[in-house]
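Chemist: Quick mapping for you: the protein sequence lines, in order, are chains A and B.
Heads up: the first sequence is residues 1 to 254, going by our numbering.
Heads up: the second sequence is residues 255 to 908, going by our numbering.
Calculated from the structure, these hints are not laboratory results.
Here a beta-carbon is modelled for each residue, glycine too, at the ideal position from N, C-alpha and C.
Just to be clear, a hint being listed does not mean it is correct.
Claimed, not checked - Restraint-style ranges between C-beta atoms, simulated for each label pair:
#1 B:L641 - A:H21: 36 to 42 Å
#2 A:D142 - B:F294: 52 to 58 Å
#3 B:A654 - A:H72: 46 to 52 Å
#4 B:F294 - A:G62: 50 to 56 Å
#5 A:R120 - B:A654: 46 to 52 Å
#6 B:R270 - A:T20: 53 to 59 Å
#7 A:S191 - B:Y902: 49 to 55 Å
#8 A:I184 - B:E793: 34 to 40 Å
#9 B:L404 - A:E19: 50 to 56 Å
#10 A:H21 - B:R632: 30 to 36 Å
#11 B:R270 - A:Y17: 52 to 58 Å
#12 A:Y17 - B:G621: 39 to 45 Å
#13 B:K279 - A:Q210: 55 to 61 Å
#14 A:E195 - B:A654: 58 to 64 Å
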Amino acid sequence: MSDNTSLLTISGLNLWYGETHALKNISMEIQDKKVTALIGPSGCGKSTLIRCFNRMNDLVNGCRIDGTVRFHETEIYADGADPAELRRKIGMVFQKPNPFPKSIYENIAYGPRIHGINDRAKLDGIVETSLKKAALWDEVKDRLHHSAMGLSGGQQQRLCIARTIAVEPEVILMDEPCSALDPIATAKIESLIEELKKQYCVIIVTHNMQQAARVSDYTGFMYMGDLAEFGETVQIFENPKNELTENYITGRFG
Amino acid sequence: MPGMSQHTARIPELTRVRLKEMAIKTIWFLCAIFAIITIFFILAFLIGNAYPAFQEIGIWNFLTGTSWTPANVNPEYGIYPLIVGTLLVTLGAMIIAVPLSIGCAVYISEIASPRIKSLIKPAIELLSGIPSVVFGFFGLIILTNWLRILFDIPTGESWLAGSIILAIMALPTIISISEDAISSVPQEYREGSLALGATRWQTISRVTTPAALSGITAAIILGIGRAIGETMAVLMVAGNAAIIPDPIWNVLSPVRTLTATLGIEMGEVSTTSLHYNALFGIAVVLLVIALVVNILATVVLARLRTSATPSAKTCEGSKNGFRSYLTPVEDLVLPNVSYILIVLAAIAAFIVAGLVATIVVVAILLGIQVLHRQVSPRWMQRIAFSLIGIAVAIVLFSLAVILYDIIANGLPYLTWDFLTEAPSNLGRSGGIFPAIVGTLYLVAGAILIALPIGIGAAIYLTEYTLEGRMTKIIRAGADLLNGTPSIVFGLFGFAFLVLFLNFGVSLIAGQVTLALMILPTIIRTTEESLKTVPQSLREGSFALGATKWQTIRRVVLPPAMPGIITGTILSIGRAAGETAPIMFTAVVFSSRFLPQSLFDPVMALPYHLFILSTNIPGASGAKYGTALVLLLLVVGIYAIAIAVRSHYHRKLRW
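Kindly generate the complete structure, drawing on both the sequences and the hints.
Modeler: Now the structure itself:
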């Protein structure tokens with residue numbers, strides 16, 4: 001799979017939480033403008049892996065990382081690499097919607113503002129485009145200055161996606177973005193992901209195998225800290241090479 | 255028939271159980287009634303004794319009169335200079351303490367590594383255990399001297415000295431509560447901001463701190479309350495001239511606060527004079543200020559509670575933490591229009607002080623904002639973190655200086671003889687044995703009185719009554735007394751126990767006064783611990799057929815015990831370190847003998863230190879020795895409380 005569109009290159013990645021060896025020698029390449037899904041049973045390390053890509057694991061005490069993660073041609077764990085700069089280019093949407101306790105407008109404007117955009121007209125534009133891209137504009141355009149806490153769970157999650165888009169990242173990481181949502185809200189997020197991959201590289205962690213099958217181009221199956229199998233989604237679901245993968249997707253464990 | 259005999263045997267058994275339940279309920283009910291009557295009796299007694307002064311002087315003249323000269327032939331009782339003095343000292347203290355505290359709180363919750371956090375947090379909590387007379391002693395011996403030399407003035411006893419000492423004393427309160435508030439901001443907010451490429455400082459300044467703002471505001475308000483209520487430390491360093499500084503910003507001018515006036519004049523007042531009633535008038539003004547502080551903090555925290563967040567559960571912990579500081583007072587209705595006037599005047603004065611403090615903070619924030627535009631985020635973070643580092647360094651440095659001074663100078667005097675002998679030559683030589691014993695007697699008595707009543711009342715209020723208007727009023731009364739300056743209890747004990755009940759200056763009068771002072775704290779902390787036990791546990795026990803008392807004893811009390819024990823130990827520490835409540839009720843400066851009965855006066859460590867440092871020249875060694883013993887005693891008690899709490903914290907999780 002190593003063609004010239006690969007955006008993230010992970011090789012020999014190991015991660016420990018204290019004594020626990022949570023990621024074991026992971027190597028993979030992630031393509032731009034595609035959706036890559038990570039699936040696997042609870043505790044297999046898929047969320048931990050995705051949090052390596054924008055260095056969110058730096059926030060976890062006792063976390064130790066070894067190996068390389070290259071974004072374009074730069075090593076993201078190199079000495080002197082600025083995590084804030086990295087996270088600006090690799091955005092993240094979390095499992096539970098986490099809007100700030102601010103207005104809808106301010107939630108979106110937050111990112112551009114911290115990156116130095118203070119011009120009101122420009123911000124207005126960014127807010128509108130981002131909300132439109134996140135398919136939320138029509139629902140909230142009349143109450144932009146109301147608290148984001150008043151939105152439904154699904155709307156909050158789309159707001160978080162809009163907030164991520166507003167800083168114009170190249171990669172969007174999604175850590176089980178639908179696990180706290182109802183089926184209708186989930187369907188909306190899934191069709192949004194279809195749209196997003198035209199512009200962005202999307203990596204999604206999901207518990208839901210059907211979801212991975214529906215939305216992704218590539219799928220990685222993780223098991224107990226190992227990347228057991230990684231390939232095109234069609235191949236993984238129809239013709240898995242690893243026995244563990246087959247057992248998992250046919251529902252024999254999980 | 256076997257069935258029959260079993261049946262008859264069960265009836266007396268049932269009656270016995272029911273009787274026992276009734277008896278236990280009655281005991282708790284009596285405790286509650288006693289506590290309630292006491293609380294409201296104290297309030298009524300203070301207001302009743304102040305009434306003649308308000309009537310004769312007139313409330314308006316009393317509050318706005320510019321001269322306080324009770325000792326003159328034609329005495330004047332205008333407390334305006336005292337109110338101004340109180341506000342100025344508090345304002346100065348807040349200008350120093352607020353930036354330092356917020357810096358420290360941000361450092362502890364957001365920047366420090368877990369190891370450093372686990373060292374600094376208890377250190378700051380211990381700082382809150384240092385008795386005020388020890389701060390006053392340090393201020394008088396060291397700080398005023400420094401100020402005198404630095405500014406080349408005749409004496410360093412001044413507004414500035416008072417503000418610095420009060421600032422150090424208010425630090426732990428503001429830091430702990432702000433840190434609680436910042437730490438309880440859901441982790442998702444931080445992750446959300448960092449994931450957008452914000453720097454740590456951008457996240458702290460634009461997301462975390464704003465989200466914790468109401469908690470921080472409440473912390474500042476409670477810090478103001480602590481500063482206004484402080485007596486001994488201010489009395490020892492602020493110079494106590496009842497004048498308004500001229501010009502008003504002259505920080506080197508001496509000032510006198512409301513509390514210091516009570517501390518100075520209570521002992522020498524004739525009970526039949528208007529002066530006596532005027533002092534009660536001051537106590538009522540202090541009560542009103544405590545009330546205002548309480549209401550403001552409650553309103554702010556109520557906002558915190560209603561602003562729903564996606565992770566309401568994360569905030570649950572902080573709510574519990576906050577509730578132990580206060581609860582609503584909305585149902586407290588003051589009887590007389592004149593009192594409403596005082597409330598309004600106090601609120602006005604308070605708002606002025608608050609406004610100035612807000613302006614300072616806003617100015618600093620705006621300055622930061624302007625810098626934000628000019629400087630790159632990474633440099634901004636460096637600048638901000640350096641400023642925070644400086645704040646932490648200043649706080650730790652002040653703590654270190656105070657502790658070092660007292661330990662280094664006191665340690666050589668800490669001999670066996672010093673601990674076991676009676677003082678001689680006005681305390682310059684000999685030991686402090688009677689003072690140690692006196693303090694232990696006072697504290698033991700206070701706890702023996704307050705503990706059963708306080709815990710009983712709390713059990714009755716939380717477990718046997720439904721939340722209603724009555725419990726709210728009781729809680730409001732307890733909270734009001736909780737925030738009342740300790741000198742007001744001293745005044746009550748002196749007027750009611752020593753004079754009216756004719757106990758004289760005696761051990762029992764001191765014990766009861768201290769007991770009254772800690773009773774509200776014990777009630778409230780016990781209530782809070784009981785409330786943290788989930789209702790589902792009680793229901794589970796009732797569903798198995800347990801009685802009320804069985805449920806309380808076996809299901810509710812065990813998990814609530816650590817909280818109750820911690821509260822009690824903290825109360826013991828507070829009682830051991832307090833000077834103001836005992837100085838006119840129980841203590842004498844010098845006594846070669848231990849008390850023979852409850853009606854003998856005693857010596858006590860805090861008062862001994864107070865007199866040694868203010869009235870006895872040339873007792874340097876004995877002063878430091880006494881300060882060190884007092885410090886070790888009280889800080890030791892606090893350390894036990896902190897250890898108990900963290901021990902159970904690790905064991906208990908819902």
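Chemist: Now, for every hint given, state plainly whether the structure supports it.
Modeler: Hint-by-hint comparison with the structure:
Take L641 (chain B) and H21 (chain A): their Cβ atoms lie about 40 Å apart, and the range 36 to 42 Å holds. Between D142 (chain A) and F294 (chain B) the C-beta distance comes to about 53 Å, which sits within the given range of 52 to 58 Å. Between A654 (chain B) and H72 (chain A) the Cβ separation comes to about 50 Å, which falls inside the hinted range of 46 to 52 Å. Checked against the given bound of 50 to 56 Å, the beta carbons of F294 (chain B) and G62 (chain A), roughly 54 Å apart, stay inside it.
At roughly 49 Å, the beta carbons of R120 (chain A) and A654 (chain B) sit within the given window of 46 to 52 Å. At about 56 Å, the beta-carbon gap between R270 (chain B) and T20 (chain A) stays in the expected band of 53 to 59 Å. At about 51 Å, the beta-carbon gap between S191 (chain A) and Y902 (chain B) stays in the expected band of 49 to 55 Å. For I184 (chain A) and E793 (chain B), the hinted distance range of 34 to 40 Å is satisfied, since their beta carbons lie about 36 Å from each other.
The given range of 50 to 56 Å is respected by L404 (chain B) and E19 (chain A), whose C-beta atoms sit roughly 55 Å from each other. H21 (chain A) and R632 (chain B) have their C-beta atoms about 34 Å apart, which keeps the hinted 30 to 36 Å range intact. Taking 52 to 58 Å as the suggested C-beta distance range, the pair R270 (chain B) and Y17 (chain A) conforms, at roughly 57 Å. The supplied range of 39 to 45 Å is met by Y17 (chain A) and G621 (chain B), whose beta-carbon atoms lie about 41 Å from each other.
Our hint of 55 to 61 Å for K279 (chain B) and Q210 (chain A) holds, since their Cβ atoms are close to 59 Å apart. As the Cβ distance of E195 (chain A) to A654 (chain B) is approximately 60 Å, the hint placing it in 58 to 64 Å holds.
In this structure, every one of the numbered hints holds.
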